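Residue numbers (the working numbering), protein chains in the order written: chain R, 1 to 165; chain C, 1 to 315.
Take the hints with a grain of salt, since some may be wrong.
[To be verified] Derived Cβ-Cβ restraints for the label pairs, each shown as a range:
id: 1; chain 1: C; residue 1: Ala189; chain 2: R; residue 2: Gly165; range: 55 to 61 Å
id: 2; chain 1: R; residue 1: Gln147; chain 2: C; residue 2: Ile103; range: 44 to 50 Å
id: 3; chain 1: R; residue 1: Leu52; chain 2: C; residue 2: Glu126; range: 30 to 36 Å
id: 4; chain 1: R; residue 1: Ala148; chain 2: C; residue 2: Ser68; range: 41 to 47 Å
id: 5; chain 1: C; residue 1: Ile103; chain 2: R; residue 2: Gly165; range: 42 to 48 Å
id: 6; chain 1: C; residue 1: Met99; chain 2: R; residue 2: Gln147; range: 52 to 58 Å
id: 7; chain 1: C; residue 1: Arg155; chain 2: R; residue 2: Ser158; range: 55 to 61 Å
id: 8; chain 1: C; residue 1: Gln92; chain 2: R; residue 2: Arg87; range: 47 to 53 Å
No lab work stands behind these hints, which were simulated from the structure alone.
Note that this is a predicted model, so its numbers are computed, not measured.
Using N, Cα and C, we set each Cβ at its ideal position, and we do this for glycine too.
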Amino acid sequence: MLDELQPLSLTAAARRLGIDPFEVVRLLVVADAVPKGPFALAPELVQRLGELGRIEPPWWEGVALPNGEGHPGLKRIRAALGLLLSRGHTAERPTRLDNVWRGLEHTEQELLSRALHTLAEASLLSIEVTPIGQLVCVRDEARERVQAIAEGSDIPDSLTAAVEG
Amino acid sequence: MGAATSVRTVSDALAEVERWRADQEARQAAELVEVEQEIKNLESAISNLKQQLKALTKFRTELQGKASSLPSRRLERGHAALFGALQDQASQLGRREAMVAGIARQREEAFEKELKGTSLAAMVEEFRQFKVAVEPNLQSLPESYRSVVSEHHLRISQRLREHVEKIASAPLEVEADVLSIEVVYCVDAPEGVPELLVVVIPVTDRVHSGWYERIDGLQTWLSARVVQAIYQAARATGFTQAQAMCGGHMELLAIEVDLLGAPAEFVGAFEEQLGAILGASPELFAGQVFATGRRVDVDYVLPPEEDGAEVPHAG
Chain R
1 MLDELQPLSL TAAARRLGID PFEVVRLLVV ADAVPKGPFA LAPELVQRLG
51 ELGRIEPPWW EGVALPNGEG HPGLKRIRAA LGLLLSRGHT AERPTRLDNV
101 WRGLEHTEQE LLSRALHTLA EASLLSIEVT PIGQLVCVRD EARERVQAIA
151 EGSDIPDSLT AAVEG
Chain C
1 MGAATSVRTV SDALAEVERW RADQEARQAA ELVEVEQEIK NLESAISNLK
51 QQLKALTKFR TELQGKASSL PSRRLERGHA ALFGALQDQA SQLGRREAMV
101 AGIARQREEA FEKELKGTSL AAMVEEFRQF KVAVEPNLQS LPESYRSVVS
151 EHHLRISQRL REHVEKIASA PLEVEADVLS IEVVYCVDAP EGVPELLVVV
201 IPVTDRVHSG WYERIDGLQT WLSARVVQAI YQAARATGFT QAQAMCGGHM
251 ELLAIEVDLL GAPAEFVGAF EEQLGAILGA SPELFAGQVF ATGRRVDVDY
301 VLPPEEDGAE VPHAG
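Pulled out of the complex, with its shape left as it was, chain R reads as follows (with noise of 0.2 Å):
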């Protein structure tokens, strides 16, 4: 009951926005907030960081998977592309790269993680490290490449190698 009146520990701020607690570090050294104490953190502080951080709820309620056949994660791959291209994450509106996976399980994110790695180096999607954490877009010039991506086909033979990896 009292629990929302505590000040939240790295960790607990950590799962509150969904990110690993190095990074609520991170920005709370972008933010100037580091605490001069131990990291006890006021709840008003950990949104506030979320904010600064552009820090989204989960993308992937209600989402459903392609249908057909297919590895699994291949198909959570071609998902994730259609959203960050429905959400209109191109160059003029990066998001952040935790994201497109906040949520999931860790072995998805993982996957995720690894696939879209592989497709900045085959230089369809952009990741950028900035100050408050790595952000993703997909390139202007690969639209219609990750497009058909994300319809299933046209796949790299890069990106199955990712997702057998």
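We have chain R already, so just place chain C on it with the hints.
Only chain C this time, still in chain R's reference frame:
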């Protein structure tokens, strides 16, 4: 006729020659045996010396080999010694963390008792009643009532929160010996230009890989302070692309920062921040943990393998 003069006969003379010959023959035969023996002895000695020479030559080769491999063996031993020491420190820190967790539990229990026995108890009960009975129906109240109730609840919450924060924000003091902990770091610059900062913290790598299943403790706090130093140094030097990449190295937490594009002063700023932050971390002091940064040779952390490649990095 006088007595006959004894005259040596030819037979005697020849017989004497025969005896001489026989003597000579015997002596020469004996000498030959001796010489043969001497030759055999010498041959045996030569054979022994050859064997000794061969053994010494082999030993010399081995010594030369050892001398040439001394630098790499020094690195191997340095790597093992470094990580052995860090693993010892990690074990000690793990035990200290358990002590701190015990004190945290005691404090929580004491706090709950305190809430029941003081003037706060009435406020807590009021807070509880609001959450259970009032809040779910708040929207059904007229606006004027709603704002009065909400404002009152806000005041109660604020007072309770101040009290809770005061207790929860106090460091967890441990009565124990001071534990010295070293955060080790190095800079990899194979071509002379710094390419990678590697920090190894004497905590389990589960602090990062298994953070979701853990609660805060000394190991998380120490690691968080190191991460703070990295990002504060990045901020101070305008290194906007700094990314702390965490992974395990010999079951300890390793953090790497790719220095591609980093300003030249970043590493110096990190060293400065690390010293200042570790020297002013109340949660570590309260746990009687004295942590310092220590720069080491990169080859002790990432020793080159025989084929010239380094050991795998944390990822």
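TODO: Return the numbers of the hints above that this structure violates; sort them in rising order.
DONE: Result: hints 1, 2 and 4 break, sorted rising.
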